[in-house]
Amino acid sequence: MDEELQERREDEERRDDVLEDRGEIGTPSMSRDEEEEEEEEEETSCKHKARRKLIGGHTPISASSSFTSSPLLNSSLCRGRGGEGGEEDDEVRVSIVTIEDESCPSEPFGTAHLETANQITRTEEEGERKVEDEGQEEERKEEATRDEKEEEEEDKVMMSPSCNQSQMKRKLDHGPDGRPFPSGKKHCKGNGYLSPSSLVQAPPTTFGDLRLANGHSAQRRRVTSGPPPSGLQDWLHTFQAWSGPERLLALDELIDRCETNQVKHMMQVIEPQFQRDFISLLPKELALYVLTFLAPRDLLQAAQTCRYWRILAEDNLLWREKCREEGVSECVSSSRRRKCVRPGMAVSPWKSSYMRQHRIEFNWRKGDKREPMQVLKGHDDHVITCLQFSGDLIVSGSDDNTLKVWSAITGKCLRTLTGHTGGVWCSQMASATVISGSTDRTLRVWDAESGECVHTLYGHTSTVRCMHLNGNRVVSGSRDTTLRVWDVTTGRCEHVLTGHVAAVRCVQYDGRRVVSGGYDYMVKVWDPETEVCLHTLQGHTNRVYSLQFDGVFVVSGSLDTSIRVWDAETGGCVHTLTGHQSLTSGMELRDNILVSGNADSTVRVWDVRTGQCLHTLQGPNKHQSAVTCLQFCRGLVLSSSDDGTVKLWDLKTGAWLRDVVALQSRGSGGVVWRIRASDTRLVCAAGSRNGTEETKLLVLDFDLEDSKNESD
Numbered sequence: 001m002d003e004e005l006q007e008r009r010e011d012e013e014r015r016d017d018v019l020e021d022r023g024e025i026g027t028p029s030m031s032r033d034e035e036e037e038e039e040e041e042e043e044t045s046c047k048h049k050a051r052r053k054l055i056g057g058h059t060p061i062s063a064s065s066s067f068t069s070s071p072l073l074n075s076s077l078c079r080g081r082g083g084e085g086g087e088e089d090d091e092v093r094v095s096i097v098t099i100e101d102e103s104c105p106s107e108p109f110g111t112a113h114l115e116t117a118n119q120i121t122r123t124e125e126e127g128e129r130k131v132e133d134e135g136q137e138e139e140r141k142e143e144a145t146r147d148e149k150e151e152e153e154e155d156k157v158m159m160s161p162s163c164n165q166s167q168m169k170r171k172l173d174h175g176p177d178g179r180p181f182p183s184g185k186k187h188c189k190g191n192g193y194l195s196p197s198s199l200v201q202a203p204p205t206t207f208g209d210l211r212l213a214n215g216h217s218a219q220r221r222r223v224t225s226g227p228p229p230s231g232l233q234d235w236l237h238t239f240q241a242w243s244g245p246e247r248l249l250a251l252d253e254l255i256d257r258c259e260t261n262q263v264k265h266m267m268q269v270i271e272p273q274f275q276r277d278f279i280s281l282l283p284k285e286l287a288l289y290v291l292t293f294l295a296p297r298d299l300l301q302a303a304q305t306c307r308y309w310r311i312l313a314e315d316n317l318l319w320r321e322k323c324r325e326e327g328v329s330e331c332v333s334s335s336r337r338r339k340c341v342r343p344g345m346a347v348s349p350w351k352s353s354y355m356r357q358h359r360i361e362f363n364w365r366k367g368d369k370r371e372p373m374q375v376l377k378g379h380d381d382h383v384i385t386c387l388q389f390s391g392d393l394i395v396s397g398s399d400d401n402t403l404k405v406w407s408a409i410t411g412k413c414l415r416t417l418t419g420h421t422g423g424v425w426c427s428q429m430a431s432a433t434v435i436s437g438s439t440d441r442t443l444r445v446w447d448a449e450s451g452e453c454v455h456t457l458y459g460h461t462s463t464v465r466c467m468h469l470n471g472n473r474v475v476s477g478s479r480d481t482t483l484r485v486w487d488v489t490t491g492r493c494e495h496v497l498t499g500h501v502a503a504v505r506c507v508q509y510d511g512r513r514v515v516s517g518g519y520d521y522m523v524k525v526w527d528p529e530t531e532v533c534l535h536t537l538q539g540h541t542n543r544v545y546s547l548q549f550d551g552v553f554v555v556s557g558s559l560d561t562s563i564r565v566w567d568a569e570t571g572g573c574v575h576t577l578t579g580h581q582s583l584t585s586g587m588e589l590r591d592n593i594l595v596s597g598n599a600d601s602t603v604r605v606w607d608v609r610t611g612q613c614l615h616t617l618q619g620p621n622k623h624q625s626a627v628t629c630l631q632f633c634r635g636l637v638l639s640s641s642d643d644g645t646v647k648l649w650d651l652k653t654g655a656w657l658r659d660v661v662a663l664q665s666r667g668s669g670g671v672v673w674r675i676r677a678s679d680t681r682l683v684c685a686a687g688s689r690n691g692t693e694e695t696k697l698l699v700l701d702f703d704l705e706d707s708k709n710e711s712d
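Counting in our numbering, the sequence shown runs from 1 upward without gaps.
Hints are computed from structural coordinates only; laboratory data are not their basis. We treat Cβ as the ideally placed atom computed from N, Cα and C, and that holds for glycine. Be a bit skeptical, because a hint or two may be false.
[As the list claims (entries may be wrong)] Distance ranges between label pairs, derived from CB positions:
id	residue 1	residue 2	range
1	THR570	TYR289	26 to 36 angstroms
2	LYS284	GLN233	28 to 38 angstroms
3	LYS652	ASP392	51 to 61 angstroms
4	TYR289	LEU254	36 to 46 angstroms
5	VAL269	LEU249	19 to 29 angstroms
6	SER625	ARG365	18 to 28 angstroms
7	GLY669	GLY571	40 to 50 angstroms
8	THR489	ASP527	34 to 44 angstroms
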């Protein structure tokens with residue numbers, strides 16, 4: 001009998017194992033007493049569920065509870081019964097411990113495990129804090145203990161002798177798909193099992209999913225024009241049943257049949273969902289590369305988009321490239337940065353440089369109410385014949401036999417350079433060294449800082465009418481028809497160039513060649529080292545008054561109204577520029593662009609490579625008298641005139657921008673004789689020949705920061 005009973009039990013165990021693997025194991029039939037006991041246990045289970053909610057979802061541990069409400073527990077745990085004498089049923093005390101992170105104990109439920117569970121129950125009743133504070137070392141020991149017990153008790157029967165309950169074997173080493181779990185904590189199977197793929201957020205597949213992925217509300221504003229049409233749901237189900245290509249074809253046909261306002265509604269709903277802040281999504285290097293294609297004005301607007309765009313738009317290397325494109329070569333030092341920068345906000349020094357240059361450009365073109373900055377008076381009623389400007393020092397020469405050194409910052413006359421016995425007619429300046437030429441037939445070398453005359457250069461036998469300084473050498477031209485090359489540091493005359501037959505009126509020196517023009521209608525090119533005249537440029541029919549030389553082209557302006565462009569190497573005439581009506585009094589050549597001022601009251605812009613006149617600066621706002629001096633910088637042309645004004649023109653367009661200076665006596669004797677300009681300042685020598693205007697220097701500073709710029 002014992003053997004038959006044993007065989008029957010083994011058959012039942014094998015059948016229950018098969019049913020368990022299929023998920024078909026159920027609760028065995030129960031007697032009436034067992035049904036009553038089941039009802040009592042269900043009430044107890046409900047109480048435990050309520051208690052579990054109160055402590056945050058964990059199953060409370062109770063040493064006196066019997067759980068039979070769960071099919072899994074009913075199939076795996078049986079209540080032990082006493083003998084046949086109607087003795088009371090013995091309760092199997094069970095506790096369930098819920099462990100977070102989708103893990104469960106590695107061991108099957110057995111007697112030893114019930115004791116362990118009851119021990120944990122008592123610990124949690126005393127306080128869950130002790131379990132939570134266990135260190136990583138204890139967790140590793142517990143896992144090792146669980147693995148050992150699992151191997152020892154894997155085949156134990158989990159039922160009492162009086163029950164016809166099958167044993168339950170849990171597959172703890174394999175997941176639902178039959179594949180082994182990775183090492184570490186074992187995942188529970190069943191309805192609570194979460195596969196790794198379920199933890200990864202799936203990409204949006206529909207437009208609604210896309211809205212949720214972008215953080216938009218699932219309930220967008222719907223059309224409320226009326227009740228939905230009949231058959232709408234059937235139509236939608238039909239659409240969802242189609243394949244992707246079929247849906248696209250249906251949408252094409254649907255759009256063709258929509259009215260304009262309906263298509264507009266679709267656009268308003270769809271377009272915002274596909275807008276992306278691509279700059280923030282890109283790596284910083286690529287984002288900065290994209291921003292290099294923006295103009296500086298657009299960069300400033302982009303910086304107002306958000307904080308991250310502001311960080312990118314303040315990149316120092318980015319603004320260095322923008323400065324290079326605009327020809328800004330100087331980086332503003334920290335001492336010159338604006339004081340209004342917000343605390344904690346990093347400002348690019350190159351951006352500050354660009355903004356400063358932009359502000360200066362604006363002040364040049366638009367003007368400022370505070371002009372002029374300084375009015376310097378000191379030469380009485382004499383004519384200012386020459387003007388030099390270097391750094392913060394201004395040097396003016398006059399027919400009163402003196403030169404005066406001024407501070408461009410304070411407007412004060414720092415010192416007066418005296419020594420010449422005749423009027424000063426020409427001068428040159430490099431740093432604090434000033435060279436002057438006079439009707440007393442001498443040149444003098446001065447230290448502008450101390451006012452000391454360093455050298456007096458003797459040699460010419462008539463008025464020194466022109467000079468040009470390059471390095472430590474200066475070349476002077478005189479009415480005695482000669483040119484002399486002087487060493488400024490030693491005061492020694494190194495070379496004498498003879499060949500002109502009339503007064504030398506203008507000279508240029510590039511450090512290698514000397515070019516001179518005179519009243520003999522000739523232009524000559526010299527090698528100063530050998531004192532040989534390389535070329536005599538013939539073609540003018542009147543006196544030559546002005547010259548420009550850039551090492552390649554020689555440009556000469558004459559009283560014959562023409563301007564000639566010569567090849568410095570061959571001596572050939574490349575172009576004859578015609579258009580002026582009188583004497584060309586002043587010229588400036590830079591990057592093949594020539595600007596010429598004429599006594600006919602006009603200014604012309606030429607291309608010396610083609611000989612084309614690009615612009616004639618005239619019109620309703622043109623000068624009303626002879627142009628006395630000109631200069632161009634920053635894409636602007638400045639011209640002074642006998643009409644008492646200094647006008648500003650746009651070099652690219654030839655348009656008149658404004659009158660920078662307009663004397664009160666303009667048109668009635670006021671004259672602007674000379675102008676000199678740097679990037680930030682303009683110095684004008686003004687006066688009159690009939691006493692209507694005091695002789696003075698006007699200094700205008702365009703590097704000003706008004707309160708509006710400070711606040712920005």
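So, going through the hints one by one against the coordinates:
1. THR570 with TYR289: 26 to 36 angstroms: 47 angstroms Cβ-Cβ, so the 26 to 36 angstroms window is violated.
2. LYS284 with GLN233: 28 to 38 angstroms: 49 angstroms, violated
3. LYS652 with ASP392: 51 to 61 angstroms: Violated - the Cβ-Cβ distance for LYS652 and ASP392, about 31 angstroms, lies outside 51 to 61 angstroms.
4. TYR289 with LEU254: 36 to 46 angstroms: Holds - the Cβ-Cβ distance for TYR289 and LEU254, about 41 angstroms, lies within 36 to 46 angstroms.
5. VAL269 with LEU249: 19 to 29 angstroms: Check passed, 21 angstroms falls within 19 to 29 angstroms.
6. SER625 with ARG365: 18 to 28 angstroms: With a Cβ separation near 24 angstroms, SER625 and ARG365 satisfy 18 to 28 angstroms, so the hint holds.
7. GLY669 with GLY571: 40 to 50 angstroms: 44 angstroms, holds
8. THR489 with ASP527: 34 to 44 angstroms: 22 angstroms, violated
Comparing the model with each numbered hint stated earlier shows that hints 1, 2, 3 and 8 do not hold.
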